[in-house]
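Student: One-letter residues, chain by chain:
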Amino acid sequence: NAGVTQTPKFQVLKTGQSMTLQCAQDMNHNSMYWYRQDPGMGLRLIYYSASEGTTDKGEVPNGYNVSRLNKREFSLRLESAAPSQTSVYFCASSVNRAGNQPQHFGDGTRLSIL
Amino acid sequence: KNQVEQSPQSLIILEGKNCTLQCNYTVSPFSNLRWYKQDTGRGPVSLTIMTFSENTKSNGRYTATLDADTKQSSLHITASQLSDSASYICVVGRMDSSYKLIFGSGTRLLVRP
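Those protein sequences? They're chains S and X, same order as listed. Each residue of the first sequence is one higher than the last, beginning at 63 in this note's numbering. Each residue of the second sequence is one higher than the last, beginning at 691 in this note's numbering.
Calculated from the structure, these hints are not laboratory results. Each hint should be verified, as a subset may be incorrect.
[To be verified] In silico lysine-lysine, DSS-like type, Cα no more than 30 Å apart, as pairs: (1) S/K71 to S/K133; (2) S/K119 to X/K691; (3) S/K133 to S/K119; (4) X/K691 to X/K790; (5) X/K790 to X/K747; (6) X/K761 to X/K707; (7) S/K119 to S/K76; (8) X/K790 to S/K119; (9) X/K790 to S/K71; (10) S/K133 to X/K761; (11) X/K761 to X/K790; (12) S/K119 to S/K71; (13) S/K119 to X/K761; (14) X/K747 to X/K691; (15) X/K761 to X/K747.
[As the list claims (entries may be wrong)] Partial list, derived from the structure: chain X residues whose beta carbon lies under 7 Å from chain S: (16) N722; (17) R732; (18) G733; (19) P734; (20) S736; (21) I739; (22) S795.
Virtual Cβ for every residue (Gly too), placed ideally from N, Cα, C.
Generate coordinates for the entire structure from the input sequences, incorporating the hints supplied.
Tutor: What follows is the structure, given as C-alpha cells:
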C-alpha cells in the first residue's frame with residue numbers, strides 16, 4: 063500500500079531551469095495538494111485540486127503551475143526556477159477537501175536552486 | 691489574523707518520561723484541530739483530528755486535548771520511546787468555504803536513552 067508517492071526525492075537546479083515534480087496516490091482520494099516547507103515556518107499551500115478536473119491557487123502560487131492529470135496524479139511545475147523556491151515540497155491527498163478528513167502526505171521532494 | 695503558535699520550539703526528554711506540547715491558535719471560524727508527527731526526512735503523519743465538540747482524543751500513547759473556549763490544545767506523550775523523536779505539528783482548519791488549514795511551525799522533540 064504505497065499511499066502518496068513523490069518523484070524525484072532530491073533535485074538540484076540552476077536558476078532559470080524548469081522542472082516538474084510528480085505526485086501519485088493510490089487511495090482513490092478526490093482532493094490533492096501541493097505544499098512547501100521552509101525552515102522555521104509552517105507548511106504553506108501552493109495549489110490544490112478539490113476534485114479531478116479542477117485546480118485552485120493556495121497561499122503562495124506565484125512561480126508555479128499544476129496539472130491534475132487524472133484522479134491519481136497531480137504534478138507541480140516550476141517554469142523558471144528561482145533561489146527563493148529552494149524548499150522541501152510535499153504532496154498530500156484526502157478523501158475530500160471539506161470536512162474532517164486527514165491529509166496523507168508523501169515523503170517530499172528536496173529541491174535546491176543554485 | 692489566523693495564526694497557530696506552538697511551544698516549546700524544541701524539547702529534550704529522557705526515554706520513558708512523559709511530555710506535553712502546547713498549541714495556541716487564533717483561527718476563526720474554527721472547524722477542527724489536528725496533530726501530525728513528522729519524522730526527519732519524511733512527510734507528516736496524522737495523529738489526531740478533533741472538532742470543537744471534542745475535548746480529548748487518543749492514539750496509543752498520544753493524547754490530544756482541546757479547549758475551544760481558550761483556543762488551546764495540547765499533545766501529551768506518555769512513556770516516551772526513542773521513536774517518538776520527531777517534529778509535532780499543530781494544524782487548525784477553518785470552517786468556511788476555503789476549508790483552509792493553518793499549520794504551526796512545529797515542536798521538535800528529541801528522546802534520549
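Student: Should the hint that X/R732 touches chain S count as held when the rule is a Cβ pair under 7 Å?
Tutor: Cβ of X/R732 sits 5 Å from chain S, so the hint holds.
Student: Does X/K691 sit within 30 Å of X/K747, going by the straight-line distance between their CA atoms?
Tutor: holds, 27 Å
Student: Under the criterion that the straight-line Cα-Cα distance not exceed 30 Å, is the pair X/K761, X/K747 satisfied?
Tutor: holds, 16 Å
Student: Do the alpha carbons of S/K119 and X/K761 lie within 30 Å of each other, as the hint requires?
Tutor: Since the Cα atoms of S/K119 and X/K761 sit roughly 28 Å apart, the hinted pair holds (cutoff 30 Å).
Student: Against the 30 Å threshold, does the CA-CA distance of X/K790 and X/K747 hold or violate the hint?
Tutor: Between X/K790 and X/K747 the Cα gap is close to 22 Å, so the pair holds against 30 Å.
Student: Next item in the hint list is X/G733. Is there a CB on chain S closer than 7 Å to its CB?
Tutor: holds, 3 Å
Student: Next pair to validate is X/K691 with X/K790; report whether the Cα-Cα distance is within 30 Å.
Tutor: It holds: about 13 Å lies between the C-alpha atoms, which stays within 30 Å.
Student: If you draw a straight line from the CA of S/K133 to the CA of X/K761, is it 30 Å or shorter?
Tutor: Between S/K133 and X/K761 the Cα gap is close to 36 Å, so the pair fails against 30 Å, i.e. violated.
Student: Is S/K133 close enough to S/K119, meaning Cα to Cα at most 30 Å?
Tutor: holds, 18 Å
Student: Against chain S, with CB atoms and a cut of 7 Å, does the hint on X/S795 hold up?
Tutor: Since chain S brings a Cβ to about 5 Å from X/S795, closer than 7 Å, the hint holds.
Student: Does the structure keep X/K761 and X/K707 at a Cα separation of 30 Å or less?
Tutor: holds, 27 Å
Student: Next pair to validate is X/K790 with S/K119; report whether the Cα-Cα distance is within 30 Å.
Tutor: Holds. X/K790 to S/K119 sits at ~12 Å (cutoff 30 Å).
Violated hint: 10 only; the structure is consistent with all others.
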